[in-house]
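Visitor: Following the hints, put chain B in place on chain A, whose structure we already have.
Each chain is listed here by its residues.
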Amino acid sequence: MEGFLPWYWCLFWYILALPVVAYGVIQIKKTIEKHPESKPLLAVSGAFIFVISSLKLPSVTGSCSHATGGGLGAVLFGPAAVSVLAAIVLVFQALLLAHGGITTLGANIFSMGIIGPFVAWLVWKGARKIGWSVSIAIFLAAVIGDWLTYITTAIQLALAFPIPTFPEAVVKFIAIFAYTQVPLAIAEGILTVVIFEYIMKLRPDILRSLKVIGPEEPKKPTAKTPEVA
Amino acid sequence: MVDKRPIILLSLVVIIVVLPLVIYNGLGEDQGYFGGSDDAGSTAVEETGYQPWFQSLWEPPSGEIESLLFASQAAIGALIIGYILGYLSGQAKAKRRENDENIGVNEKVKSSK
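Same order as they appear, the protein sequences are chains A and B.
Just so you know, my numbering puts 185 at position 185 of the first sequence, and the rest follows in order with no gaps.
Just so you know, my numbering puts 1113 at position 113 of the second sequence, and the rest follows in order with no gaps.
Since the hints were derived computationally from the structure, they do not count as laboratory data.
Note that beta-carbon positions come from the ideal geometry of N, C-alpha and C, so glycine has one too.
Do not take every clue at face value.
Stated by the list, open to error - Derived DSSO-like pairs (lysine-lysine); straight-line CA-CA distance at most 27 Å: (1) K211/A - K125/A; (2) K201/A - K1093/B; (3) K30/A - K129/A; (4) K211/A - K29/A; (5) K34/A - K1093/B; (6) K1004/B - K201/A; (7) K129/A - K211/A; (8) K29/A - K125/A; (9) K1093/B - K211/A; (10) K30/A - K201/A; (11) K56/A - K1093/B; (12) K34/A - K129/A; (13) K1095/B - K34/A; (14) K1095/B - K1004/B; (15) K39/A - K125/A; (16) K172/A - K34/A; (17) K34/A - K201/A; (18) K211/A - K39/A; (19) K1004/B - K1093/B; (20) K211/A - K30/A; (21) K29/A - K39/A; (22) K1095/B - K56/A; (23) K201/A - K125/A; (24) K1095/B - K39/A; (25) K201/A - K1095/B; (26) K211/A - K201/A; (27) K34/A - K125/A.
As the list claims (entries may be wrong) - Across the chosen pairs, the derived CB separations fall in these ranges: (28) R208/A - W1053/B: 46 to 54 Å; (29) L1012/B - L18/A: 35 to 43 Å; (30) D1003/B - V60/A: 26 to 34 Å; (31) E33/A - G1063/B: 42 to 50 Å; (32) S133/A - E1047/B: 39 to 47 Å; (33) E1064/B - I15/A: 18 to 26 Å; (34) R208/A - T1043/B: 42 to 50 Å; (35) P164/A - W1053/B: 20 to 28 Å; (36) S133/A - V1014/B: 18 to 26 Å; (37) Y198/A - Q1051/B: 46 to 54 Å; (38) R1096/B - H35/A: 33 to 41 Å; (39) S133/A - V1002/B: 19 to 27 Å; (40) H35/A - G1035/B: 40 to 48 Å.
Same shape as in the complex, but just chain A:
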């Protein structure tokens, strides 16, 4: 939303977001140098955000919103890399679609490109550590990452407009964004599972070299879902 944050908040979120994006660029360069075979997956992660964030979907709350799509990239390349991908998408939408905005770009990168993917990545790591399957872990990562993006947006707006008080403003903005987002986040989670399982089926070797899955991993899911000939 262009111009919808006071200028000092715009500046504040830019200052927080830019170092992460810069770090993300370095990380992407490193990953591509080390694993050139992972380049196509980076493009898929970016394109996935591109598609997902262009689709405004209806929700059971009777309001429309769009998902964020950062979970896939966060799991494959880490959250900092996603901040770069999200920044590209957000600039495109701000300039061509009057959606989001240049002044609020920093705030939007922070919520969609940093908090969302970072939480998604934490959820993924956590779920894997306690031994949950790849599919469940990536589902939860995508859902919670998407949802947290909108919680962050609500908090950012409440910080800028703590009227009448900050907690009440948080509740107000969460009511606008977060409930609508629940079914959409679940839809995003399912889509992320489908694309991730497909990648895992085609090229588990790339996922293994990125250390996304363990060396013995792809055998499990194929054993669980026997192919129907």
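Guide: For chain B alone, kept in the frame of chain A given last:
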């Protein structure tokens, strides 16, 4: 060799998206349904008396142009995903064939011994 799992999962996504349309069938934007939550957010901000201090540099002149641009964005993204997954799928197949051939050659070598 049809893996049914993705089909079931994608059907679930369709149900999630279609369900609200069924629940609120007949209701439209005039009744306050299916507006964007972004718009609801900006209205809530304006209600506090705040005036946006910056306008978008360029705005799509109409809803048609806006949907054109959104559709292009989705199309570009889908094109890239489709192209790359197709490419990876071809690679995987070629690899499998190579492996099969190698096994075949090895077996021939074995049997000729």
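Visitor: The structure should be examined with respect to each hint, and the outcome stated for every one.
Guide: For each hint, the structure was consulted:
no.: 1; hint: K211/A - K125/A; verdict: holds (12 Å)
no.: 2; hint: K201/A - K1093/B; verdict: holds (11 Å)
no.: 3; hint: K30/A - K129/A; verdict: holds (25 Å)
no.: 4; hint: K211/A - K29/A; verdict: holds (17 Å)
no.: 5; hint: K34/A - K1093/B; verdict: holds (25 Å)
no.: 6; hint: K1004/B - K201/A; verdict: holds (14 Å)
no.: 7; hint: K129/A - K211/A; verdict: holds (14 Å)
no.: 8; hint: K29/A - K125/A; verdict: holds (23 Å)
no.: 9; hint: K1093/B - K211/A; verdict: holds (23 Å)
no.: 10; hint: K30/A - K201/A; verdict: holds (25 Å)
no.: 11; hint: K56/A - K1093/B; verdict: violated (36 Å)
no.: 12; hint: K34/A - K129/A; verdict: holds (25 Å)
no.: 13; hint: K1095/B - K34/A; verdict: holds (22 Å)
no.: 14; hint: K1095/B - K1004/B; verdict: holds (24 Å)
no.: 15; hint: K39/A - K125/A; verdict: holds (22 Å)
no.: 16; hint: K172/A - K34/A; verdict: violated (46 Å)
no.: 17; hint: K34/A - K201/A; verdict: holds (22 Å)
no.: 18; hint: K211/A - K39/A; verdict: holds (15 Å)
no.: 19; hint: K1004/B - K1093/B; verdict: holds (20 Å)
no.: 20; hint: K211/A - K30/A; verdict: holds (14 Å)
no.: 21; hint: K29/A - K39/A; verdict: holds (10 Å)
no.: 22; hint: K1095/B - K56/A; verdict: violated (39 Å)
no.: 23; hint: K201/A - K125/A; verdict: holds (21 Å)
no.: 24; hint: K1095/B - K39/A; verdict: holds (19 Å)
no.: 25; hint: K201/A - K1095/B; verdict: holds (13 Å)
no.: 26; hint: K211/A - K201/A; verdict: holds (16 Å)
no.: 27; hint: K34/A - K125/A; verdict: holds (22 Å)
no.: 28; hint: R208/A - W1053/B: 46 to 54 Å; verdict: holds (50 Å)
no.: 29; hint: L1012/B - L18/A: 35 to 43 Å; verdict: holds (38 Å)
no.: 30; hint: D1003/B - V60/A: 26 to 34 Å; verdict: holds (29 Å)
no.: 31; hint: E33/A - G1063/B: 42 to 50 Å; verdict: holds (45 Å)
no.: 32; hint: S133/A - E1047/B: 39 to 47 Å; verdict: holds (46 Å)
no.: 33; hint: E1064/B - I15/A: 18 to 26 Å; verdict: violated (38 Å)
no.: 34; hint: R208/A - T1043/B: 42 to 50 Å; verdict: holds (49 Å)
no.: 35; hint: P164/A - W1053/B: 20 to 28 Å; verdict: holds (22 Å)
no.: 36; hint: S133/A - V1014/B: 18 to 26 Å; verdict: holds (24 Å)
no.: 37; hint: Y198/A - Q1051/B: 46 to 54 Å; verdict: holds (48 Å)
no.: 38; hint: R1096/B - H35/A: 33 to 41 Å; verdict: violated (22 Å)
no.: 39; hint: S133/A - V1002/B: 19 to 27 Å; verdict: holds (22 Å)
no.: 40; hint: H35/A - G1035/B: 40 to 48 Å; verdict: holds (44 Å)
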